[in-house]
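Quick one: dock chain against chain with the hints and give me the complex.
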Amino acid sequence: MTRTRAPRVAITLARLRQERIWLLFGIVVLAAAMVALFGNGDQAQLLFSTCLFVVLAYAWNIISGLSGYVSFGQVGFFGIGAYMAATCQIAWQWDWYLAALGAVLAAIVLALPLGTVMLRLQGIFFALGMFGLSRIGALIATSTSLVGGSMGEPVPIVGTTQETALAMLGCAVGAVVLTAWLLRSPLGLRLLALRDDEKAAEASGINTNASKVTAFCLSAGLAALAGSLYVWNVGFIDPGSAFNNTYELQTILMVLFGGIGTLWGPLLGAVVISLISNALWAQFPQQQQIILGALILIAVIWMPGGLVSLFQRFGWLRRRPVWGPPPPVEAEERLPLFPAAVGNVGEPVLGCQEVTRRFGGLTALNRVSLEARSGHIVAVIGPNGAGKTTLFNLITGFDRCNGGAIRLGKMLLKRLAPYRIARAGIARTFQTCRPFPSLTAWETLLLPALVASASKEEAIRAAAQMLERLALRDQWDASPESLPPGQLRFLEIGRALMLRPRVLLLDEVMAGMSPEEIRLIHALLREAVAAGCAVIAIEHVVPAIMPIADHVSVLDFGTTIAQGRPDEVLRNPAVIEAYLGTGEEEPVNA
Amino acid sequence: MLQLQTYLLLLLTGIMWGGVYLLMAFGLNLIYGVMKVVNLAHGDFIVVAGLLAVTLYGAFQAGPVLAIPLATLLFLLVGLAVYRGLLAHVDTTGSQGELRTLLITFGLSSIISNIALLIWGGQYQSVPFFQSAVRLGPLFLPESLIVSSLVAFVLAFAVQFWLTRTRWGRLVRATAQSELGAASCGLNTGRIRLLTFALGAAMAGAAGALTVVLIPVQAASGGFVTVQAFTLIALGGLGNYLGALLAAILLGVIEVSSSYFLGASAASAMIYLIFILVLIVRPQGLLGHRGRI
Chain X
1 MTRTRAPRVA
11 ITLARLRQER
21 IWLLFGIVVL
31 AAAMVALFGN
41 GDQAQLLFST
51 CLFVVLAYAW
61 NIISGLSGYV
71 SFGQVGFFGI
81 GAYMAATCQI
91 AWQWDWYLAA
101 LGAVLAAIVL
111 ALPLGTVMLR
121 LQGIFFALGM
131 FGLSRIGALI
141 ATSTSLVGGS
151 MGEPVPIVGT
161 TQETALAMLG
171 CAVGAVVLTA
181 WLLRSPLGLR
191 LLALRDDEKA
201 AEASGINTNA
211 SKVTAFCLSA
221 GLAALAGSLY
231 VWNVGFIDPG
241 SAFNNTYELQ
251 TILMVLFGGI
261 GTLWGPLLGA
271 VVISLISNAL
281 WAQFPQQQQI
291 ILGALILIAV
301 IWMPGGLVSL
311 FQRFGWLRRR
321 PVWGPPPPVE
331 AEERLPLFPA
341 AVGNVGEPVL
351 GCQEVTRRFG
361 GLTALNRVSL
371 EARSGHIVAV
381 IGPNGAGKTT
391 LFNLITGFDR
401 CNGGAIRLGK
411 MLLKRLAPYR
421 IARAGIARTF
431 QTCRPFPSLT
441 AWETLLLPAL
451 VASASKEEAI
461 RAAAQMLERL
471 ALRDQWDASP
481 ESLPPGQLRF
491 LEIGRALMLR
501 PRVLLLDEVM
511 AGMSPEEIRL
521 IHALLREAVA
531 AGCAVIAIEH
541 VVPAIMPIAD
551 HVSVLDFGTT
561 IAQGRPDEVL
571 RNPAVIEAYL
581 GTGEEEPVNA
Chain F
591 MLQLQTYLLL
601 LLTGIMWGGV
611 YLLMAFGLNL
621 IYGVMKVVNL
631 AHGDFIVVAG
641 LLAVTLYGAF
651 QAGPVLAIPL
661 ATLLFLLVGL
671 AVYRGLLAHV
681 DTTGSQGELR
691 TLLITFGLSS
701 IISNIALLIW
711 GGQYQSVPFF
721 QSAVRLGPLF
731 LPESLIVSSL
741 VAFVLAFAVQ
751 FWLTRTRWGR
761 LVRATAQSEL
771 GAASCGLNTG
781 RIRLLTFALG
791 AAMAGAAGAL
801 TVVLIPVQAA
811 SGGFVTVQAF
821 TLIALGGLGN
831 YLGALLAAIL
841 LGVIEVSSSY
851 FLGASAASAM
861 IYLIFILVLI
871 VRPQGLLGHR
881 GRI
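Protein chains in written order, with the working numbering: chain X, 1 to 590; chain F, 591 to 883.
Excised from the complex, chain F in its bound form (with noise of 0.2 angstroms):
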């Protein structure tokens, strides 16, 4: 009985700590499904808005339900800034067109944790809400970790919701398939790019100001975030919807479970073992060609 309890709860935080992650990979898919461009700033831009929620409690007392409209906005207009003033003036195809715009998202994610670690230093920090535990028949969860998974599961089925149902939508969907095609056909991929990486760049700014009651964060920790947000939107194959949640769950679950039986460091080993393994079988993603916007 006790096992069945413990791979219960192994299982369910797993899910959990999936949508979290899901969450925090989700503006770098909807970049990538669009404008086939990984955006290295990433992590720092979830990074900065978790600062920023720090600053905001510490300021007024005030929780997720202030920080987070004010980051979404915020980073709303930094995406638009960032596209306008750097990704636009790049040519983004050809060969070379992805290391350029690597390199771009690189610099810019150098400069925006460097100026993170000017204002707010090199410490950990978290803010203290939904700090209780919920109980679950025998079981007990933290409630920053059911907040956190409901948000992110619930804003997944909202973006998908809006990707295949409205307007906009299918003009995105569109714009990622086939850019020229859509051009040609009068679209204005031009503003779709900007709208999508505007939109990615809030998504960060969105989940960073809630994730900081998780997980604490530092000016630094920006580097790390992109990278599990990456390995996440590659297991579940780039700018694929479905597979990305596909992916957080598999990826959750294998976290908790290894690092509850084999310890936090071979938890880590674990994840990238598994994602060479399937980039080595099945480099499309967990579910190919299937389920992409």
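Here chain X stands alone, though its shape is the one from the complex (with noise of 0.2 angstroms):
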């Protein structure tokens, strides 16, 4: 009894001093709602700017620092609201309210078409285009006639300082409350992986472009309400200050001198940096930029994580694992690794049919067939460079054929997307170990059990199962980067096998392996594929994978030279000259 409690009053003890900063929060919150119905106006209009901050740096987190696209423009999105905003407040004599709904939804409207064509972008070159993009709102907005123009325009319906305040502490607290939602929830979680390794999250069933277009969508969301409540604070719009290309970089630097990515840093740097140039600007009007400039230039060479990262230091502030730590596994309740009944032994699942795929004038592969059939093995063996990886990519839809046809079951792969294929029940692993830096290794797991499992229960028992499986229940909260070379492939298998996948696809998972490590790798894939499961692996470790194959097809340059049974492939000649070697020189794997 006493043995169970304990760690029950621990984990509680935990909780209540991680729920700590929340209480922290609240108290900050508080103050900051008597200064907006009791202070002045200087302070409560100081309370204002500093959550429009707030908010602006939130919106910019969630695409920039939780999916990693970083975006030059998200003020585009400020403007949209502000004038979706004055436009509803002129034209049809909305409540200010009523007003912010609207330009919050013209935004997420506006945001869901650009969202899905500008994603397409990566790095600098989607931070520029966004930058492009809020340009030219700007300039439509000069040039119409519609709000007043390059000119401007007085908005009929202004709040008092007071009630604007008060508003804009509201969203910033829902900025902050959303932003913690997200990352606790299952697309936090993929919007973390998606920002490690894009591939990598295809790989587990992760429809990444839905899920960037979504956060996309949220942070224009958040920034169209920052700017209408602007809109009502300021009672005026004009296109110079409604799309503010300083509002832009304040609000990057904001996020970078708290911390990008994390869910206090954008908070911290907002106060902070609202805080500190009001003082300047009070001090120093003139110097205050070169002040503020100075500031950045200090925080990024002794405080590159951000504010954030000097508390992370002690333990604080650091973000909790998804739905952790891994509730124990009761043998009643286990669940199949794979799915129970997925055909007969023999049927063939997977089929390659005389698939090419050329790179200029490389042909990397030559009418190479490959059928998978359920409960067996197939071996892909052949020098570096014959194309086996290539393969790989193509059954998995991360590259695409030139000729052929790629079938599961009675399922033509042809132009689908990688999630798909991952979800239709194909999973692989990578030749080099992808993990996701940002995420533990519970999360990990329950990545891919998301998708596969039926409902989040199921999901999490099968990743705690999983975790169990692979040794790994005491590493769970450890990051992929901190574990060693052997366990990281194991995790990785287990990324897979958590499609529970009809198929699977191995690529030199046992390199590099020891002995006892290649023993548990044979006795999980005996269990894959009693269950039914077809495998087929890429080795260069001979003897690791013979022992195990069922079917032995062996690739060089491209075509397939030989293929069958292992003890019969491995004595035919033309297999012994390309790849094992006549014995003349010492083989490498040996």
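The set of hints was computed from the structure by calculation and includes no laboratory data.
Do not rely on the hints blindly, as some may be mistaken.
Said to hold, decoys possible - Taking lysine to any residue and the SDA-like style, the derived pairs with C-alpha atoms no more than 25 angstroms apart in a straight line are:
| hint | chain 1 | residue 1 | chain 2 | residue 2 |
| --- | --- | --- | --- | --- |
| 1 | X | LYS199 | F | THR682 |
| 2 | F | LYS626 | X | ILE124 |
| 3 | X | LYS199 | F | THR683 |
Said to hold, decoys possible - Per label pair, the in silico range of CB-to-CB distance:
| hint | chain 1 | residue 1 | chain 2 | residue 2 | range |
| --- | --- | --- | --- | --- | --- |
| 4 | X | ILE298 | F | GLY687 | 12 to 20 angstroms |
| 5 | F | ALA856 | X | SER185 | 21 to 29 angstroms |
| 6 | X | LEU101 | F | ALA856 | 57 to 65 angstroms |
| 7 | F | GLN721 | X | GLY361 | 52 to 60 angstroms |
| 8 | X | ARG415 | F | VAL871 | 19 to 27 angstroms |
| 9 | F | GLN721 | X | ILE276 | 40 to 48 angstroms |
| 10 | X | ILE276 | F | GLN651 | 41 to 49 angstroms |
| 11 | X | LEU101 | F | GLY712 | 36 to 44 angstroms |
| 12 | X | GLY361 | F | THR683 | 41 to 49 angstroms |
| 13 | X | ILE298 | F | SER722 | 47 to 55 angstroms |
Glycine is no exception: its CB is placed at the ideal position from the N, C-alpha and C atoms.
In structure tokens, the structure reads:
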């Protein structure tokens, strides 16, 4: 009794300690609300502008911090929100909150197609493309005569400073809560995963495009909300202040100063920088920008992770693993690791027919055919550059064939997105491990489990069970970067298995493994095969794969030079010539 | 006939303006190509060099002939100091590396432009040099534009020659293509990065001191110049020289002709529109990997 109670109490205490930050946050919000209610106009205005930047900072953090798509044009949505709200108020005399709602909806509706197109861009290109879009928005606002044009126009409904500050404070709290919710939700998990490695996320069955666009729309909606309240506060709309680049830069600075991609970083950054620049404005109006610039330099050089990283060094403000710790798994509620009855053993599941792939003049694969049967293990061997990994890329949709067809059962896989193929039941590992450094081992397994499972409870149970199966339970909250290479491999195999695949593609998983680890993998593969899973394994370590392989296919320069039962293939003179060696030189992998 | 003349004039001025933009983007391109760092203070270097030229003109009636070497030397030193003092201290690799360098150079930009504002004030200034117009058959072209674009194209070819035909140029290209590879061949890549940054800054200085005869500047216009320069090199494919040349001419012609036919504000919208379209259709720039240093 006491043995089970003691950890419970410890967990509750730990929880309480973690929730202390929310208590502190609540007190700060209460104090701010007091300022809004009973402070003078200047104080309320300072509160308003601080909260405005808090909202903008969180808006930017969602797209640029959580999903890693740094944007230089999110202020464009601030401008759209401001214009939409102004239009609602001027043309239709809507109340401020209705106008704000309209602004948010308009921004989201606009962000949906824009995000779909723009998020195909990567890195600095996305950042600058967004910058260009926000400039175009400003130019449109300048040239239309609808709402004041370039000169701007007063807005009829103006709130008092106190009430706008209070509303903005509410929005800021909302932005914090939204981010906190995101970081504990499957969507947040997907965003962090795609920020780390988009391909690996796709291979885990994540529709990365949908996740990115959702984040983009959330970010746009938040920015538009800030814009609409801004109009309500100042009572005036003009292109120069609605599409203000300084806002964008200041927002970015705040988030980076506080800590990008974290829950509390944007808040800390926005509040600290707002207060500092306000104080500087009073003391040194001329030198304010110079001092701010110097502050940035100091922050980046001495504090690259932002303010939050200072706290994280003491274990505070760290991100908490989603839905952790993994619950203990009782024997009676064990789930099968693989789908129950895939079909009869020996039934063909995956078929590649005469697959061809050319890269310019090089034919990487030339009319290669391969079949995987349920309950069988196919070994694909061959020298480096034979086209083995290319074949996997074609099967999993990361690359397109120039000819031939790949079928899963009766379904043609042509032109299917990688995540659809993963969901259809083909899971893979990568030649070099592609972990998600931001996720813990537990979350790495949870991510595909959520794709494959019907409910949250089932996913949690399946992931916990897999964690145990891989002997990683004690490291459940470890970052993949801290795991030794062998365990990292296991984690990657586990990630693939969480999809409950009908076909499992393993790309050199046994390279560099100890005999003990190879035995573990063999056990896992036998279990998979017994459940009817079809396995295709690329392997260089021939002695490691041959004992369990049912069928061997040998590739050389993109063509199949031999296939058949392992003992036959290994005696084939062409295979010995091309790959195994004639015995005159030392075999490398022996 | 008049139609044809107009088109010819638009094309010619477009190409020349393209040359000027190229001149202003050159240092940025070099620094990005080698260091993968977008120097957001680039425009401020140009603007301060221009304002310096204005002061020199005011004090000694000195033209660009004096201002250019002075500004070049000054910004060479500024580049050395910035690299040694700031960029050498941050980790520029990894996913956060890009952000860090952006932030450093952004901070620098804010410092420089605001100091310039304290010194020179906020009004637009220019150097009245090369003010005559040159008659070219039936066409009149401003002399300042001709001189600037000539210098730009000469400089473009000089840099291309330096990069492809000299020992130092080869070292720079090796570092640009693979820093790790260059370092493992025994190159002091830190020194090459230092040299590149200083050189890029010096190019900005030279460009600023020259183009101020054509484009009036004020202390805060650096941000806009940076954006314009970046648009150009992104269009050309970051770090790509041939692409930048092509993009410069394209942008110059588009800007001149669309401002002639559609008006100034439509022209700047056009630039951004083309920029986004190119990014979406060809994110690797106009030429892709070809022509990269």
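Hint check results:
{"no.": "1", "hint": "X:LYS199 - F:THR682", "result": "24 angstroms, holds"}
{"no.": "2", "hint": "F:LYS626 - X:ILE124", "result": "11 angstroms, holds"}
{"no.": "3", "hint": "X:LYS199 - F:THR683", "result": "21 angstroms, holds"}
{"no.": "4", "hint": "X:ILE298 - F:GLY687: 12 to 20 angstroms", "result": "18 angstroms, holds"}
{"no.": "5", "hint": "F:ALA856 - X:SER185: 21 to 29 angstroms", "result": "44 angstroms, violated"}
{"no.": "6", "hint": "X:LEU101 - F:ALA856: 57 to 65 angstroms", "result": "33 angstroms, violated"}
{"no.": "7", "hint": "F:GLN721 - X:GLY361: 52 to 60 angstroms", "result": "57 angstroms, holds"}
{"no.": "8", "hint": "X:ARG415 - F:VAL871: 19 to 27 angstroms", "result": "20 angstroms, holds"}
{"no.": "9", "hint": "F:GLN721 - X:ILE276: 40 to 48 angstroms", "result": "46 angstroms, holds"}
{"no.": "10", "hint": "X:ILE276 - F:GLN651: 41 to 49 angstroms", "result": "44 angstroms, holds"}
{"no.": "11", "hint": "X:LEU101 - F:GLY712: 36 to 44 angstroms", "result": "40 angstroms, holds"}
{"no.": "12", "hint": "X:GLY361 - F:THR683: 41 to 49 angstroms", "result": "34 angstroms, violated"}
{"no.": "13", "hint": "X:ILE298 - F:SER722: 47 to 55 angstroms", "result": "50 angstroms, holds"}
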